[in-house]
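Chemist: Can you build the whole structure from these sequences, using the hints too?
There are 2 protein chains.
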Amino acid sequence: MLSFQEYSVEQLQSLQAELNQQYSKAKSADLKLDMTRGKPCREQLDLSNELSTVLSDHNYLSAEGIDARNYGCPEGLAEMRALFADLLGTKQENVIASGNSSLNLMYDTVARAMLFALPGAARPWGKEEKIRFICPVPGYDRHFFLTNSFGIEMINVPMLPTGPDMDQVEALVAADPSIKGMWLVPVYSNPDGITTSAETCRRLAAMATAAPDFRLFWDNAYVVHHLYPDNQESVPDMIGLCAENGHPDRVFEFASASKITFAGAGVACVASSPNNLAWVRKQMMIQSIGPDKVNQLRHVRFLHNKAGVDAIMARHAAILRPKFEAALKILDERLSGTGCCCFNHPRGGYFISLFVIPGTAAEVVRLAGEAGVQLTPAGNPYPYGKDPEDSNIRLAPSFPTIPELETAVDVLCTCIQLAAVNKILMEK
Amino acid sequence: MLSFQEYSVEQLQSLQAELNQQYSKAKSADLKLDMTRGKPCREQLDLSNELSTVLSDHNYLSAEGIDARNYGCPEGLAEMRALFADLLGTKQENVIASGNSSLNLMYDTVARAMLFALPGAARPWGKEEKIRFICPVPGYDRHFFLTNSFGIEMINVPMLPTGPDMDQVEALVAADPSIKGMWLVPVYSNPDGITTSAETCRRLAAMATAAPDFRLFWDNAYVVHHLYPDNQESVPDMIGLCAENGHPDRVFEFASASKITFAGAGVACVASSPNNLAWVRKQMMIQSIGPDKVNQLRHVRFLHNKAGVDAIMARHAAILRPKFEAALKILDERLSGTGCCCFNHPRGGYFISLFVIPGTAAEVVRLAGEAGVQLTPAGNPYPYGKDPEDSNIRLAPSFPTIPELETAVDVLCTCIQLAAVNKILMEK
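From first to last, the protein sequence lines stand for chains A and B. Following numbering that gives the first Met the number 0, the numbering of the first sequence begins with 0 at its first residue and continues without gaps. Following numbering that gives the first Met the number 0, the numbering of the second sequence begins with 0 at its first residue and continues without gaps.
It cannot be assumed that every hint is accurate.
Since the list gives no way to pick one copy over another, a pair counts as held whenever it fits inside one copy or between any two copies.
[What the hints assert, rightly or not] Calculated lysine-lysine pairs in the DSBU-like style (CA-CA distance at most 35 Å, straight line): (1) K31 x K281; (2) K281 x K385; (3) K90 x K31; (4) K126 x K24; (5) K90 x K328; (6) K328 x K24; (7) K90 x K385; (8) K281 x K126; (9) K305 x K90; (10) K427 x K328; (11) K90 x K24; (12) K385 x K26; (13) K427 x K129; (14) K126 x K385; (15) K24 x K281.
If you are wondering where the hints come from, they were derived from the structure by calculation, not from laboratory data. On a predicted model such as this, the values are computed, not experimentally measured, just so you know.
Modeler: Below is the structure:
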């Protein structure tokens, strides 16, 4: 099969006519399909409905004898912290279990670093003239919104199949003391589904940084979110690895039960070194009398332990895997060999990341939107919402049904091909 | 009855001997009673156990058709916002319903004002050379910890029976543009149980402030927490009152279901003007994908409406009122006329505030502690933990049983008398 680039003008014009016809047909179908956000579908949420009855015996005493309904216990219930520690491969004392949102914990950690000097920092980041963060791209849009909201300058570094391009990262952090932080979703990255290699993790833990208060923001959002439970990807315990490499306070790790149980009503955690947690705790004790421990109790009574988490994650995978496979099958059939789109086959997480012909991503999103298929705005997975190549499109296959998904991906393929052919023709 | 001050030295010495005997006896009883924090007791928490079964029908759709389990709806469920609006006498659109902690909302509001310019502010408070807050005293210790953590200077203003001393407040805010904020628990204040008068509210709403970005932090923690439901104290809707007086953006109001349902697992809210809420929302949308809406749904399904809240608050009152009355009975019997302690008979809230002879509060707390009765550290209800008179002691009668409470208050009365007699004798 020839790639579109190799087509003659006549072949391209004939293809264009065919695609325009397909597109018109799609438009007239009056679709309303939303693939914008990585939201679990109803069947996934139903897997955790037992949360609403698991405390119906009204036993609110934690393993330590704390009445979960009352005030207190700002670091969360011991058994909740232990469960997260087990999922993350760290120790219970390295974990604070909190409210429903890991994003909130990330935001608060950055906000706190802006206002109060981190261990090793000469002053709060807010008192520095300029602060920069390394942002592997494409990445999680909400990380970038957050970073930008504090006026922190963002530096793009490409994701490779092994994780962030470490040659670039090492060179940047060694030279520039204003680089204070770096984001990463280390397992099944958002949106590429890339799991950072052990060697990249080691280099991140070991690298020399010009800033003494440099921090990795390790958003382990998909640590147990395998599509193929028998063939799991994972990263080393980063807290331990940083300590072994002489940088014990380098990493703040975040995780959440949001995509294990109820998306909006899970339990989130922050995990880090004793030094960093002492710094967190100091403000956290002033910020709140404590997290919702009743919801933590619900979670430990429902999930029990890591085996319980693995069991429910296998049930999530049974719902999600056919969706990913249905989407990828159409993408493979309609796009492979055309040269107008490449993509990973992710083995976990919530997204499929497409790279279309540079300069056509925004056009594809526009075309799809006009045909009733809402996609995440092109550029969103990049700092400042600006994809320098205008090439990446993020697909979130979890929420729609399989027939909806198949329709949406088929329309999307038409849009990708059409935008590609239009562009190639224009340039010929 | 003579007051202790009027006793002769011989009378005092004889009383001292008697009190020392009482105190030794108390000490030998090996008590372990904790009256430090305003924590609901188990019977109060049990009133809301239905929260753990109210969603057992697995109907998670809000009135607007939102699946409460999923992401989204950053301002909280409409019906939860409406319920808070009803309790506070404001409009639903003036309310954001959030997570489990109103303290967290207060902290975040101050933190946000430090980092991002408030409506009407020239710059973020963190960029000002000096920031001051007015702190009516005695007040809520956690307000002061929070304020101090941001390096904000605190200015004491006395609480009068009508609320904060407005002559002082008006003079201070008119003269000093660095005064950016003021705390108040307007209904059944912590710890005095004072409800701010309508006239004081009007003056707070109307007063001229040198700072264009001055804000009232209106912690309406006890808005429905009446001990005598048939004889309730209340304040006007402060958001409306500020608007009527030409200062629509003056007030941030906070409230919480913590002492309506589960202390650590309630729902909190912030209420304010459209301008202020737009400013809150801007960061809040970046900070979190949304609050725990399942817990909000539990609350609206359990409480239903203001009548439902009033009903459960009457049941709280039936548990708390006998405790307050038992404590006050002993305080009246043992202290009235002695001249060594005065106190309010609060009609709501969670505390009894005692004013002992200046210079003896810390000593009373020490004596009580050594006899096994833990009290809030003296000075805690004042900025910097420093009671200039060393005179105030905060009692929290909610958690202990009535017999425990009676024992504790009796020991406390012995300690108050003993410290008074010791001091008077030393000065004679």
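Chemist: Look at each hint and say if it fits the structure.
Modeler: The hints, checked one at a time:
| no. | hint | result |
| --- | --- | --- |
| 1 | K31 x K281 | between (48 Å within a copy, 28 Å between copies) |
| 2 | K281 x K385 | between (37 Å within a copy, 21 Å between copies) |
| 3 | K90 x K31 | between (46 Å within a copy, 34 Å between copies) |
| 4 | K126 x K24 | neither (57 Å within a copy, 58 Å between copies) |
| 5 | K90 x K328 | neither (41 Å within a copy, 51 Å between copies) |
| 6 | K328 x K24 | within (22 Å within a copy, 83 Å between copies) |
| 7 | K90 x K385 | neither (39 Å within a copy, 39 Å between copies) |
| 8 | K281 x K126 | both (20 Å within a copy, 23 Å between copies) |
| 9 | K305 x K90 | within (14 Å within a copy, 45 Å between copies) |
| 10 | K427 x K328 | within (31 Å within a copy, 95 Å between copies) |
| 11 | K90 x K24 | neither (57 Å within a copy, 47 Å between copies) |
| 12 | K385 x K26 | within (28 Å within a copy, 71 Å between copies) |
| 13 | K427 x K129 | neither (45 Å within a copy, 64 Å between copies) |
| 14 | K126 x K385 | both (28 Å within a copy, 30 Å between copies) |
| 15 | K24 x K281 | neither (60 Å within a copy, 40 Å between copies) |
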